[in-house]
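**Student:** Letter by letter, the chains look like this.
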Amino acid sequence: MTNSYIKQDILIKAENVSLSYGEKTILRDINFEIKDIIRPGITQGQVVSLIGRSGIGKTQLFKILAGLNNPSSGKITLHSGKPVKPGDMGVVFQNYYLFEWRTIYQSLELAAKKNPNFKGHDIKKEINKYAEQFQLSEHLSKYPQQLSGGQKQRVSIIQQLLNGSSFILFDEPFSGLDVLVLEKITNLILQVSLSDEFKTLIIVSHDIETAVSLSDTVFVLGKEGNKEGATIKKEIDLCSRGLAWNEDVRFIPAFKETIAEIKSVL
Amino acid sequence: MLKQIFLPFGKINRQLFIALAIIQSILALVFWHFASNGLVPKPLKVAEAFFTLITSKSLLDNVIISFILTIKAMAISILITLFFSYLSVIPFFKTIAQFIVKCRYLTLTGLIFIFTLLTHDGSQLKLSLLIFGIVPFFVTSFLAVIITTDNQQFEICKTLGYNNWETLYEVIVVGKADQVLEIIRQNFAITWLMITLVEGLSMSEGGVGTMLIKYNKYNDITNVLALQLVIFVIGLVFDLILGNLKFWLFPHSKLQIHK
Chain E
18 MTNSYIKQDI LIKAENVSLS YGEKTILRDI NFEIKDIIRP GITQGQVVSL
68 IGRSGIGKTQ LFKILAGLNN PSSGKITLHS GKPVKPGDMG VVFQNYYLFE
118 WRTIYQSLEL AAKKNPNFKG HDIKKEINKY AEQFQLSEHL SKYPQQLSGG
168 QKQRVSIIQQ LLNGSSFILF DEPFSGLDVL VLEKITNLIL QVSLSDEFKT
218 LIIVSHDIET AVSLSDTVFV LGKEGNKEGA TIKKEIDLCS RGLAWNEDVR
268 FIPAFKETIA EIKSVL
Chain D
2 MLKQIFLPFG KINRQLFIAL AIIQSILALV FWHFASNGLV PKPLKVAEAF
52 FTLITSKSLL DNVIISFILT IKAMAISILI TLFFSYLSVI PFFKTIAQFI
102 VKCRYLTLTG LIFIFTLLTH DGSQLKLSLL IFGIVPFFVT SFLAVIITTD
152 NQQFEICKTL GYNNWETLYE VIVVGKADQV LEIIRQNFAI TWLMITLVEG
202 LSMSEGGVGT MLIKYNKYND ITNVLALQLV IFVIGLVFDL ILGNLKFWLF
252 PHSKLQIHK
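As given, the protein sequences belong to chains E and D, one line each in that order.
Convert by adding 17 to the 1-based position in the first sequence; the result is the number in our numbering.
Convert by adding 1 to the 1-based position in the second sequence; the result is the number in our numbering.
Among the hints, erroneous ones may be present.
Derived list of chain E stretches under chain D, where covered just means 3 residues or more per stretch with a C-beta under 8 Å from a C-beta of chain D [to be verified]:
#1 81 to 89
#2 126 to 133
#3 160 to 173
#4 243 to 256
These aren't lab readings, by the way, just hints derived from the structure by calculation.
C-beta: ideal position from N, C-alpha, C; glycine also.
Take these sequences, add in the hints, and give me the full structure.
**Tutor:** Spelled out as structure tokens, the structure:
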């Protein structure tokens, strides 16, 4: 597997993002850039992890990135230079929330109808294609309450893929999963990341090892000294360390060193 | 299993639940039988009157009159409720919706004269009073449903690129449609309760309320209780029909109950 790559255009940029509730500062001076990674001969999107301890403000940053909450100051911009707004980024929530009153097919149809790329296309065909790819064909007429957690997560992911956003945010996708399901989910995320060059997945997690094993870039969210509010304490380029796009990354000594490095920063 | 009957949060199966209901009903009837002192008729006498009543044509005619009035009032009330409840998410209409909720505290009796002046005939008076009585309860119930909507339902709409109107349609109009039927089911009892009051205002048209008033006037307690039993049974049947209609129209609501 070749690891040659170049980083080009900025896809997402966070500039001086801060969030406060009254006197309490939750996030401060968040600055980072996510760039388009190009690998010659390979269609490869970006997988970025945002790692931090529980309660540090990851969900708050997640909502700001998704355009669901506004920061107190600063801004998140996309490659077009426009500030992010709701709908620009697909979101897979931690509990894989789906409309309980809609069948799986209807939920997917609602998402696909909002995708301008599907105008004039046979939406049913597109839904069936994804459902087959994600092994959900037999569940399309069911309601979310009839699906397992793993199935719901797959539906949430397809929903966002059909919606057509290049950016998908995952909120704690590995939380509370057993080993087998975890493996399935990681494969699924890799599968999605390979679907398009501009596809950018942002994983917000406190599961360091799993997140790092999937990512090409890691941002560590934490507090600095006695300063109030969390900020990006470290950015790790896993591509330059030879830790990206490698199935056996966990067996590489540099992987363990990187995990130890992240833990020391948290 | 018997231990579970008296245990907080104890779980019993359906058969035992039905058996419990039957035993408790029998005990209540036995108590009623021995406790009645001549003024209150014994259960057997009420049962006899009940069967005589349900085979009479006058009951059917009066029930139909009340039922049509109830359905009309409920249909108009639900339209008013939906209008103001859906729009309550728009700040301009929120105040109006909340004012309607507070109208629960207004008594109908005090407003009868004003309504008499505003309406043309007895039929209109009954209908408008019923609507005025029902709407605040409907709106209260439906606003409670809207207020307790999981924020994630709105968030998922936003992340899919829905605008505010589309979100309102998906989450409130479509998403809460099953709740509308549930509200009708729960509040049918209130309508049924009020019908006896409003029918007494214009007795020439008949109705179960008129029948009750007449029986009460002549101290015919046996028939009053028999008619109460009829009203009770109609309420149960309506409850059952609406409950099943909800599961048939909105299959997911059954899954939520199972969950």
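**Student:** For every hint, state whether the structure bears it out.
**Tutor:** Here is how each hint holds up against the structure:
1. Counting residues of the stretch 81 to 89 of chain E whose CB falls under 8 Å from any CB of chain D gives 3; the rule of at least 3 is met.
2. Beta-carbon proximity to chain D at under 8 Å applies to 3 residues in the stretch 126 to 133 of chain E; the threshold of 3 is reached and the given coverage holds.
3. Look at the stretch 160 to 173 of chain E against chain D: 3 of its residues bring a Cβ nearer than 8 Å to a Cβ of that chain, three or more, so the hint holds.
4. Restraint check on the stretch 243 to 256 of chain E versus chain D: 0 residues with Cβ-Cβ distances below 8 Å, three needed, restraint violated.
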